[in-house]
Amino acid sequence: MLPVNLVVLVCLAYVAILFGVAFAGDRRARKDPTGWLSSPLVYTLSISIYCSSWTFFGSVGSAAKNGLEFLTIYLGPTIVFVGWWIFLRKLVTIGRIHHTTSIADFISARFGKSPALGALITILTLVAITPYIALQLKAITASFQVTTYPAGALVAASQRLEPDFVVAFWLAAGLCLFSIMFGVRNIDVNERHHGVIAAIAVEALVKLVAFLAVGIWVFATLSNAPDVMFRNAPVSLLNPEQGFGSRWVALCFLAGAAVICLPRQFQVTVVENSSDEQIRTASWMFPFYLFLMNLFVIPIAMAGLNYLPAGSDPDLFVLTLPMTNGQETIGLLAFIGGFSSATSMVIVSSIALSTMISNHIVMPVAMRFSLVPTGSGQSARNFILTARRMSIVFIIFLGFIYFWVSGTSDALASIGLISFCGLIQPLPSLVAGLYWQRATHRGALAGLAAGFLVWGYTLFLPSFEGAFLMSADVIENGPFGLTWLKPYALFGQDAYDPLVHALLWSMTVNIVLLVAVSLWREPTPLTRFQATLFIDVFRRQTERERGVIRRTARVADLRQIAGRILGPEETVRLFYLDGVGERAVIASDELLSLVETRLAAHVGAATARTLVSQVVTSETISVEELKRLAGEAEQIRAYSAELERKSRQVEATAAELAAANERLREIDVQKDEFLSQVSHEVRTPMTAIRSFSEILLTNRDLDEARKLHFLGIIQSESFRLTRLLDGILDLNVTEPGEQAWDMTVFDPEVAVEHAIATCEPLARAAGVRIRRGRRARHALVLGSQDRLAQVFINLISNAIKHNPNANPEVVVSSSIRANVTYEAKVADNGPGVAPMDRESIFRKFVRGAKAQQGGVGLGLAISRQIAERFGGELCIFDSKAGGAEFVVRLPLCTRDGAGSGHSTAV
Amino acid sequence: MTKTRVLIVEDEPSIVESLSFILRQAGFDTEIAVDGTEALQRLRRQVYSALILDLMLPGISGFDVLRTVRAEKALETLPVIVLTAKGQAADRKAAEDIGATAFITKPFSNADVVAQVRQLTGN
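One line per chain: the protein sequences are E and C, in this order.
Here the first sequence is numbered in numbering that gives the first Met the number 0, starting from 0 and rising by one per residue.
Here the second sequence is numbered in numbering that gives the first Met the number 0, starting from 0 and rising by one per residue.
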């Protein structure tokens, strides 16, 4: 054993050295911010806080129990860093440009500076990280106890030691002190923690040296022939091919995600980053560091299994091996190495988390309830600093309490991976934030919350084995006996290891909700704008300042806000040296953005936005800008939709044109037909007139009777020409818009009787009988009596002329229908009209195929137009007698001319 | 000597009357058919020196009558004067193609008709 006082003294001396380094680091950084403190080497060493005590002691333990599986925890990060330009470079560049303060700030800023998102991530992180911090406290406490155990290291190694909570308490207190002194000196998170980083870099070297020392010593003195060394090796190590399964892949993914998402990793990798050069070097140097840390894991594990009594805790082999072999110096070095790993992890984690708590929980709540001091000077700054310090104490002691409550159980042993699984839930939102324009803050909130709940249900709560919130019965049989809800086998999926199962479900639910909710609602304009800034970070740097949302504020208000957070010195610098004149009364959007960016570096993007919003007097969204930023894809989509619409219009227009063209062509054909008809009809009487005139002129000696006969022919052919001309003129008169007719109210039966009387001689000559059928009584219609008579004359004379029946007959009947319509029918027993011709006979210039005698084929067209002019109609049907039946329908009206019923006409 | 016989095929009574009058006055013997069917019947029964044919006939059209006439061996060389009211180039061309010998367009000059018939019948 080592004397307690010696170990405590060494610890204190070591801590004193760290204080010295941190102090010197801070001083040097103030003089020369670009010196060796910003070198890629220091940056890389600080990233190696990834190797916490869980690594330092746990890797050997894991190798002794599970063989090569421990490698996955280092393979994941190695892949991420080796492929740094894929993801890390973008992440780090955005973090640098936007003065990101934490992972919560980063995601909240990306998704429209959503305060809810920042708060949610902070709370989730706090829940997931507390057991992890407890694990570190446990590791240091255990290593301290083993080192100083009165009965000797060999006994200590082989038995279970009750944790010494007094040691743990003072340890926690010391960590608080260090974190507060060097982590919360300034509220500007972006003004990097050079002192802490310097101390962390030293610790990284110490733990590496300590581990290598133990390894080399074991390798040099305890190694033996391989068959002896691997005598007690775990099965999985001897048969490594069995180890590569879903768990192997899951652990690689988990570790790769963790090296990005763990708050302490985000802090050192993104927040503390100052150049691309740093990340470029870290991309190979960090994997190399991990390689060295793992070089002697298997030799130490094998030696422990061989030389220590059965039942010894493999998690402490690093310490117990040298101690039991009398190598107390190496043992002390190993203790210091473990101490380094644990303290650096706790310090950076608590600093990162305290920033998140103060920026995303304390500040928003305080501002909401007006608790932030508004007085001049440093009061607001002091308020924030106090909030951070108290957060650190809160976080570390939360870990301590967790350790105290659960320290005696085995639950802590596996908490590292469980913690990882909870802490990587922001990953989908982070990745979507960098690459998917459409991702919204609602999607991120839903995915995160659901993923975290699934993690809690399937992994975190069951890990207490019934001691906390979830009973053993629920773990075994599912809640309310619902076996498909068993935490370790959701929906009966129990083929996996619990960790793989939880990772699979939580990530699936997380991603599905993120995508589904994002697609469900459009992103807000601010989210859209931020998305473009993040996603196009390498493309659009010069355009960053041009905002979608143009805001204005009074300069005086803005100065007051800035002064409260930034302090007088920086405020003066910001407002005068950065080229903003004092004369301006209204601050431009550019100045507002500048102030907001500066504030964001102190209190996070969401809080900074809230602060600035308090003094904003007007806010206008520039639609043009929004359109420009909406991305090419969307513009192209809009453009193609527009094209499609236009092409549809063009198609419709083309169809209309084609129809019109077709109609014109038809009209043209009809015109030709008409002209040839007219030509024929005119030439026939003209021929007779000319011929007989010539006969009369050249034959003066004709007898009187002959002369008279010929003159009679000339006269009747002249009448025929006149009728023809009248028909053509009628056609014009009935065209809509032509001259008005004298419209009177009259009984249509009068027109019918007149028509029958007129056609009587024609009928007699042709041997056709005209029969009168039913008569409508007291019918009144509005129109021209003469014109209506013309319609009936046309119909009756057609029926007479085109009837080759042996007993030709025309029946004229009329009636009143439904009290609103007068209906007259002219039916014959002739051959009828073929169905295909029924519409065309009403067209101008067209005669029925069989119609040969008389008329110019204008009669029906004119008749229909007259009927329509009176608000009625003229159509054709088959008559009962087998011939054609023409029906005239006219709306009835009252004596004063008002229409009865709805069919008021004209 | 027997008079030269001419067949007039026309459905308009006034035109039939005027054609008959002027041709008879000029010394021809005229016979009349009011449609295509009657015209073909007469042509098969009697020998005519010339045929005056209206194209717009009820029933069988003037074109069909002409086509039938030209298809019959005995009537192959019969001079056919086509009467048309339309006077359109298309109709004239169509009639020419199927064997019309001469054309008279309505309204015609009586002297022209007589001269045309005289020329074709060799009188």
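Calculated from the structure, these hints are not laboratory results.
Take these hints with a grain of salt, some might be off.
[Stated by the list, open to error] Between beta-carbon pairs, the in silico distance windows are: (1) C:ALA89 with E:GLY772: 27 to 35 Å; (2) E:CYS874 with C:SER60: 39 to 47 Å; (3) C:ARG23 with E:ARG771: 43 to 51 Å; (4) E:GLU838 with C:GLN24: 28 to 36 Å; (5) C:ALA93 with E:GLY772: 30 to 38 Å; (6) E:GLU650 with C:ARG66: 43 to 51 Å.
[To be verified] Simulated crosslink set (SDA-like; lysine to any residue; CA at most 25 Å straight-line): (7) C:LYS72 with E:HIS679; (8) E:LYS706 with C:ALA93; (9) E:LYS706 with C:ASP28; (10) E:LYS800 with E:LYS645; (11) C:LYS92 with E:LYS800; (12) E:LYS670 with C:SER108; (13) C:LYS2 with E:HIS679.
We treat Cβ as the ideally placed atom computed from N, Cα and C, and that holds for glycine.
These are the hints, each one checked on the structure:
1. C:ALA89 with E:GLY772: 27 to 35 Å: With a Cβ separation near 47 Å, ALA89 of chain C and GLY772 of chain E fall outside 27 to 35 Å, so the hint is violated.
2. E:CYS874 with C:SER60: 39 to 47 Å: violated (31 Å)
3. C:ARG23 with E:ARG771: 43 to 51 Å: Given a distance of about 48 Å, which is inside 43 to 51 Å, the answer is holds.
4. E:GLU838 with C:GLN24: 28 to 36 Å: Given about 50 Å between the Cβ atoms, the range is violated.
5. C:ALA93 with E:GLY772: 30 to 38 Å: Cβ of ALA93 of chain C to Cβ of GLY772 of chain E: about 47 Å, so the range 30 to 38 Å is violated.
6. E:GLU650 with C:ARG66: 43 to 51 Å: holds (48 Å)
7. C:LYS72 with E:HIS679: Distance ~33 Å between LYS72 of chain C and HIS679 of chain E Cα, so the pair is violated.
8. E:LYS706 with C:ALA93: Violated. LYS706 of chain E to ALA93 of chain C sits at ~39 Å, over the 25 Å cutoff.
9. E:LYS706 with C:ASP28: OK: LYS706 of chain E and ASP28 of chain C at ~22 Å, within 25 Å.
10. E:LYS800 with E:LYS645: It is violated: about 56 Å lies between the C-alpha atoms, which goes past 25 Å.
11. C:LYS92 with E:LYS800: violated (33 Å)
12. E:LYS670 with C:SER108: Roughly 29 Å between the alpha carbons, so the hint for LYS670 of chain E and SER108 of chain C is violated.
13. C:LYS2 with E:HIS679: violated (33 Å)
Comparing the model with each numbered hint stated earlier shows that hints 1, 2, 4, 5, 7, 8, 10, 11, 12 and 13 do not hold.
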